[in-house]
Amino acid sequence: MKRFLSLLILTSYLLAACSNILTPDLESTEQTAVAATLATQPTEAPTPALTATFTSTAIPTETMAPTPTATASPTPIPTFTLSGVVFFDYNGNGVRDDGEPPIPGATVQIGALATNTGPDGSYTLEGVPRGNQQVGLSAPGFRYVSLSLDAFQSSGRPVRLMIDGNKQRDWGLVQGFVTFPFPVGVSRDVDPASGGDWYDHDPSLDSLYWNGQRWQGPRDHSPPNTHPGIDYLMPIGTPILAPAPGVVHSVYVVEGEINYIGMNFPNGMGASFIHISQALVGVGDQVSRCQPIALSGSSGTSVPHTEFQLYRWFGRDAYLIDPYRPLVDLPNGVWVAGTWEWKILPSEEEWVLAGYWTKENDPQYCP
Numbered sequence: 074m075k076r077f078l079s080l081l082i083l084t085s086y087l088l089a090a091c092s093n094i095l096t097p098d099l100e101s102t103e104q105t106a107v108a109a110t111l112a113t114q115p116t117e118a119p120t121p122a123l124t125a126t127f128t129s130t131a132i133p134t135e136t137m138a139p140t141p142t143a144t145a146s147p148t149p150i151p152t153f154t155l156s157g158v159v160f161f162d163y164n165g166n167g168v169r170d171d172g173e174p175p176i177p178g179a180t181v182q183i184g185a186l187a188t189n190t191g192p193d194g195s196y197t198l199e200g201v202p203r204g205n206q207q208v209g210l211s212a213p214g215f216r217y218v219s220l221s222l223d224a225f226q227s228s229g230r231p232v233r234l235m236i237d238g239n240k241q242r243d244w245g246l247v248q249g250f251v252t253f254p255f256p257v258g259v260s261r262d263v264d265p266a267s268g269g270d271w272y273d274h275d276p277s278l279d280s281l282y283w284n285g286q287r288w289q290g291p292r293d294h295s296p297p298n299t300h301p302g303i304d305y306l307m308p309i310g311t312p313i314l315a316p317a318p319g320v321v322h323s324v325y326v327v328e329g330e331i332n333y334i335g336m337n338f339p340n341g342m343g344a345s346f347i348h349i350s351q352a353l354v355g356v357g358d359q360v361s362r363c364q365p366i367a368l369s370g371s372s373g374t375s376v377p378h379t380e381f382q383l384y385r386w387f388g389r390d391a392y393l394i395d396p397y398r399p400l401v402d403l404p405n406g407v408w409v410a411g412t413w414e415w416k417i418l419p420s421e422e423e424w425v426l427a428g429y430w431t432k433e434n435d436p437q438y439c440p
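In the working numbering, the protein residues as written are 74 to 440.
Just so you know, these hints were derived from the structure itself, not from any lab. Careful: at least some of the hints might be erroneous.
In silico EDC-like cross-links for lysine to aspartate or glutamate, where the CA-CA straight-line distance does not exceed 16 Å [stated by the list, open to error]:
| id | residue 1 | residue 2 |
| --- | --- | --- |
| 1 | 432 | 170 |
| 2 | 432 | 173 |
| 3 | 416 | 275 |
| 4 | 240 | 199 |
| 5 | 416 | 390 |
Label pairs and their in silico Cβ distance ranges [what the hints assert, rightly or not]:
| id | residue 1 | residue 2 | range |
| --- | --- | --- | --- |
| 6 | 412 | 266 | 42 to 52 Å |
| 7 | 309 | 156 | 45 to 55 Å |
| 8 | 199 | 414 | 50 to 60 Å |
| 9 | 147 | 355 | 50 to 60 Å |
| 10 | 275 | 200 | 13 to 23 Å |
| 11 | 433 | 187 | 20 to 30 Å |
| 12 | 351 | 418 | 27 to 37 Å |
| 13 | 433 | 242 | 24 to 34 Å |
| 14 | 237 | 211 | 31 to 41 Å |
| 15 | 235 | 275 | 46 to 56 Å |
| 16 | 414 | 240 | 45 to 55 Å |
| 17 | 421 | 149 | 46 to 56 Å |
Since the model is a prediction, treat every value here as computed from it, not as a measurement. Every residue, glycine too, gets a C-beta built ideally from N, C-alpha and C.
Build the full structure now, drawing on both the sequences and the hints.
In structure tokens form, the structure reads like this:
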């Protein structure tokens, strides 16, 4: 019985096992089918992240044909004509008076424009632009331009002139710049025998030496044999006239002493008048050429006369020179004011013996 039951149980167990083998596990089979399906489906590639990329792309532009424009004609710059006469202004007043001759061959220049005067002294300069212009004036032997009784200047400096239309302008040139400082009636000659004296060019001589002429005998000067000016004889009270425009720098009038007046000119030179009796102007006064500045006298001397001294300033020193240009070979010397030392300068200092009358060696009376 027991064997039967055991056989029965074993048989049942075997039947159950066979049943499990013949009937598949649906859940496992389903999972396997799903896995197989997933394995056979195409895999979607991951979407890459968007990256902003800026690419310079030339945008074609439309080429516009140039539009023709009307070209404006340049406005012509107006120019004018300057004309006139260059003349020898004997009396330095800037005006052409009767008897004053033309200067042929003089040069008149404004910038690059230049012309020379003809035989009659006339000139014409065309194409001069409007505005303030610098006029250059020159001629051989002429060192100054006389503009008026109040102004003169070196011919090496241009003269300012306003051009606002065609202009007529005469120009006066002079060889020196000083006119005779006394009125008509006072002799321009010097008479040593009567008490007049020339400028002494050689103090080593026991005489007065000028232009090759010697007057023997001791002169009444201090120190002896020295004379840094020119003595002109004239009655007491004769007007002394400014030989050029300038400014009064000194006046000394004291009873019983040698009285004098001095003035400076704009070119670094000056003049003094010794033995005056009265001053008519004061220190600092601006005076015109030919203006009375003093009256002659005899202060400090027994002979009524006026000593005319011309000098050039070097700092505080005044070097006294002769207004005449010597006609013979003379020492290139000057008198030093105050010390009255006779000083020889190098030969290249040509101004010493250049001469300073407006008309060389021919002093001109005031107009």
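The hints, checked one at a time:
Distance restraint check for residue 432 and residue 170: the Cα-Cα separation of roughly 14 Å lies within the 16 Å cut-off, and the hinted pair is therefore satisfied. Taken as a hint, the residue 432 and residue 173 pair is honoured in the structure, with Cα atoms around 11 Å apart against an allowance of 16 Å. For the hint linking residue 416 to residue 275, the alpha-carbon distance of about 10 Å falls within 16 Å, and the restraint holds. For the hint pairing residue 240 with residue 199, the CA-to-CA distance comes to about 11 Å; that is within 16 Å, so the pair holds.
Taking the CA atoms of residue 416 and residue 390, the gap is near 12 Å; set against the 16 Å cutoff, the hint holds. Checked against the hint of 42 to 52 Å, the pair residue 412 and residue 266 fails, with Cβ atoms roughly 30 Å apart. A hinted range of 45 to 55 Å holds for the C-beta pair residue 309 and residue 156, which are about 50 Å apart. A C-beta distance of roughly 55 Å is found between residue 199 and residue 414, which places it inside the suggested range of 50 to 60 Å.
Separated by about 59 Å at the C-beta atoms, residue 147 and residue 355 satisfy the suggested range of 50 to 60 Å. Range check, residue 275 to residue 200: about 55 Å between beta-carbon atoms, so the 13 to 23 Å window is missed. Look at residue 433 against residue 187: about 26 Å separates their beta carbons, and that is inside 20 to 30 Å. For the pair residue 351 and residue 418, the beta carbons lie near 36 Å from each other, so the given range of 27 to 37 Å is met.
At about 25 Å, the CB distance of residue 433 to residue 242 agrees with the hint of 24 to 34 Å. Range check, residue 237 to residue 211: Cβ separation about 25 Å, and the 31 to 41 Å hint is violated. For the pair residue 235 and residue 275, the supplied restraint of 46 to 56 Å holds, since their beta-carbon distance comes to about 51 Å. The hint said 45 to 55 Å for the Cβ distance between residue 414 and residue 240, and at roughly 51 Å that hint holds.
Between residue 421 and residue 149 the C-beta distance comes to about 50 Å, which sits within the given range of 46 to 56 Å.
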